[in-house]
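From these two lone chains plus the hints, build me the complex, please.
Spelled out from the first residue to the last, the chains are:
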Amino acid sequence: MPQNYIPIFIFLAVVGILIPLTLLAAKLVRPENPSRTKLMPYECGIDPVDNARGRYTVRYYIVAILFVVFDVETIFLFPWAVRYKALGVFGLVEMLVFLLILIVGYIWIWKKGALEWV
Amino acid sequence: MPDFLTAYLQSNVTPGEAGSAFWALIYVLIVFAGISVAVMAMNWLERKALAHFQIRLGPMRVGPHGLLQPIADAIKLLTKEDIVPSAADKFVFWLAPLIILCASFTTYIVVPFGRAHAITDLNIGILFMLGVSSLSVLGVVMAGWASNSHYPLLGALRSSAQMVSYEIAMGLAVVSAVLMTSLNPSGTGTLSMIGIVQAQEAQQTWFVFKFFPLGFIALGVFAIAMVAETNRAPFDLPEAESELTAGFHTEYSGLRWSLFMLGEYAAMIAVSSIAVTLWLGGWLRPFPHWLAGQSWDLVFSLFPGLLFLGLAAIAFVGVGRMPKHPYFKIQTAGLAGFGAVLGLIGVVLFIPPVRDRVQDIFWFIAKVAVFMYLYIWYRATFPRYRFDQLMKVGWKVLLPVALGVLLLTAVAGILF
Chain F
1 MPQNYIPIFI FLAVVGILIP LTLLAAKLVR PENPSRTKLM PYECGIDPVD NARGRYTVRY
61 YIVAILFVVF DVETIFLFPW AVRYKALGVF GLVEMLVFLL ILIVGYIWIW KKGALEWV
Chain E
1 MPDFLTAYLQ SNVTPGEAGS AFWALIYVLI VFAGISVAVM AMNWLERKAL AHFQIRLGPM
61 RVGPHGLLQP IADAIKLLTK EDIVPSAADK FVFWLAPLII LCASFTTYIV VPFGRAHAIT
121 DLNIGILFML GVSSLSVLGV VMAGWASNSH YPLLGALRSS AQMVSYEIAM GLAVVSAVLM
181 TSLNPSGTGT LSMIGIVQAQ EAQQTWFVFK FFPLGFIALG VFAIAMVAET NRAPFDLPEA
241 ESELTAGFHT EYSGLRWSLF MLGEYAAMIA VSSIAVTLWL GGWLRPFPHW LAGQSWDLVF
301 SLFPGLLFLG LAAIAFVGVG RMPKHPYFKI QTAGLAGFGA VLGLIGVVLF IPPVRDRVQD
361 IFWFIAKVAV FMYLYIWYRA TFPRYRFDQL MKVGWKVLLP VALGVLLLTA VAGILF
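First to last, the sequence lines map onto chains F and E. Going by the numbering used here, the first sequence wraps up at 118, each residue one higher than the last. Going by the numbering used here, the second sequence wraps up at 416, each residue one higher than the last.
Chain E extracted, bound-state conformation (with noise of 0.2 Å):
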């Protein structure tokens, strides 16, 4: 290996703080790649728990138990008609697509991944954050007036309401996370997403479990705001297909229309790790204080390898209870495929350096994938509101009981 590749994996540094180009190129594409990839699954995961919430079965045709289903719909997407209405304002009609995947994809400059895994560390990263995922507004409501139609521009006129309304609740829950982070002999706190976390392992909790139950209430004000934020069920308003058809992207077809959705699930991913990177401890392993220890180090780093081999595992027994037909016979050596790759991949992840790069991504990935599928589970649990009620919510309980907080901690920080 080239020296200059060992001399950076040795390193501890962010390839921002390196001033190394070369490696912040290679970090936005794996960071790209890497998205992508995990919109595609959340896609899939997200059909497939939903319909087994239903108790249907859910993609089964595509791939083995509808694997393939994401990739048959992207070039179906791909190869689609693109429709721009004629009464269409036609720059803005193709600009707002792109300004909601920008916004949401750029929030991931500043994702600590690992203490080395970001693209790069500002020292304002949760404002840059919270700053460049706002934007996305912008691009519904230029969605919604481009097209020039009733549906659209009423669902961009209650989104951008929606969003902008519970952002302040969002906002002043951060307040409240970064005030924590202040409460250490320098009396100096942190905007940046690394040292956010560092802060945590520092003050030895997840900030969570400070002052409990306050920043338990804080997690829950954001949780509940970034659903809404996202446009999510149940607050999906924009989207209730029963009155709006489609919201602000009715009028978008084939290509354009997957560039919203891709937006959609990549800003899900992003507001999801800024509430693990506040107050789920980032890429921290659970219990670093109680389970101290070499032997304990080395039992939570092999999760990531056994996680693998467990999901072959589950492949294989499907292979088992695949058809016996010979209609099924590529599916079959398909799903085989899979789960052996998964194999390999569970099997270099014990590699010990590998196992020692890789920890903290997987940990943080993992506190991710539970907000991801706490996101279906409110698909698939809670009725869509009403817009008063969810403008109610917003307004009369968010935001005081995020100001209640914000000063409850503020207090609850002199005395202690």
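Just chain F, with the same shape it has in the complex (with noise of 0.2 Å):
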């Protein structure tokens, strides 16, 4: 049914129409008079004490990586879950062997402690 995805190629370009246009309009209306000290990156009315763009604990990492591998994961299970009942007991067998493999990494990780967040 390729005439189904039209709608959003119509959606896009309302979107690209009416954006700029309130965009537009807020400028036309808005005052424009900055100073340095409003320009100034916010820290509770103190001056910024370094650049923020600096390290950041390793823990946001690793969730990132675990997402992606569980992500993935619930991808493959979609043509899996929209055949099931056509495919029957060998599907389900198939892919309890796949989730069980992902669970015994789950079950590493877990224990491994990456889930921690201290």
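Hints are computed from structural coordinates only; laboratory data are not their basis. Do not rely on the hints blindly, as some may be mistaken.
[To be verified] Distance condition first, Cα-Cα at most 25 Å in a straight line; then the derived DSS-like pairs of lysine-lysine: (1) Lys111/F <-> Lys396/E; (2) Lys38/F <-> Lys27/F; (3) Lys27/F <-> Lys80/E.
So this is what it looks like as structure tokens:
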């Protein structure tokens, strides 16, 4: 049903017209008098200490990597779920094997402490 | 009425299916306007309901009972100075709110407000919706990074970690609902949003009641994950004002800030409509099989009109209770006019062709409205989580529960 995808492009065209119009309208009505202190990064009234783009905790990277693994797993489950009844017991066992491998990995990262946030 | 209008109105297909660019454009514009109005109404309702939870009155000054407050806010935000910090990455700073806004609005392409009331019916509907709505993480990270300030960066990191963590539980819950759609003689399910609702119609049950309590738990997992996905209380860590000022949009002001808010509320409505479509029967009216038959159909089709007449009655009670001081003359007249408009809409909804055309949309929106009220209720009731508790709930509770529900549903589907 390729014609079902046409409205997406119509939608994008509407977005492409409406949002610039709104931004333009706002540009016409709003005041514009910047000053040096006004343009400083917000830090509760004191001068910013240093550049914000420093290093941050490695936990965030771990969460991102785990997310990729489990999200890809979920995507793999979708085709099976759609054909689930047709594939029957065969499909279920196949999926159980696939999930078992992931669950072993999940238990391992749990034991390793990758899910702890302290 | 021109022929092509009546011909289309009598056909029972979505604009996408009909291949009609004109009707698709009309639907897109209606959805845009509808979502904007819904966000404004939600804004008023949230402030009003929260105020009453805390035994305050909430907005009362702009218009009767503060009804025009969202419009006043919109005008204020539009005329506010737009500050771009000197240290910011200008282009990314400019792009971030647009990405969030587009991501949350694009999901509405596949939301089925009724059998014929979706902009289009993609055969990968639910995947499209999950995929597009998770693009808003990108906007959050871009906003935090481009601001080049400590609070937005921390807020964006927290927000992205939280959103990706809860997305997994959300996806697994969705898979268990998709799996239920394949429990039919042909053995093949569907990912199309309209198809999912039709599967519930064919199986004569909402998926929330299927294999009780499995469907219910899946909905519960989704309902928790969707609050975390949209960064709302009690999972509003990225916007924890006591520690991070406003999180990733601290540096934004004026119109750009309002784009963030618009995107957030639109995303709330979008995920609520996923939950309604997958588990609560989408546009199907309550008890389609238990209370079946012509007369029950008629009774249920009167609900939309009655609701609007009821709202009009409440408005007129409000008119009667307005202070009699001359200062309140305009407000009283305004409230009476508002009530009259609501009553007029109610009467129009009783006309048979309109009634039949509109009741799908009414039931869908009524179910979504329940979720929207729950969002406000959570915010008034639950204290904010600590970040390590939040990650623990996502990874150590919701993920195993969602996996377990999925496996049990699969086994139940083979056995029964």
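(request) Any hints from earlier that this structure breaks? Give me their numbers in increasing order, please. (result) When the structure is compared with the hints, none of them turns out to be violated.
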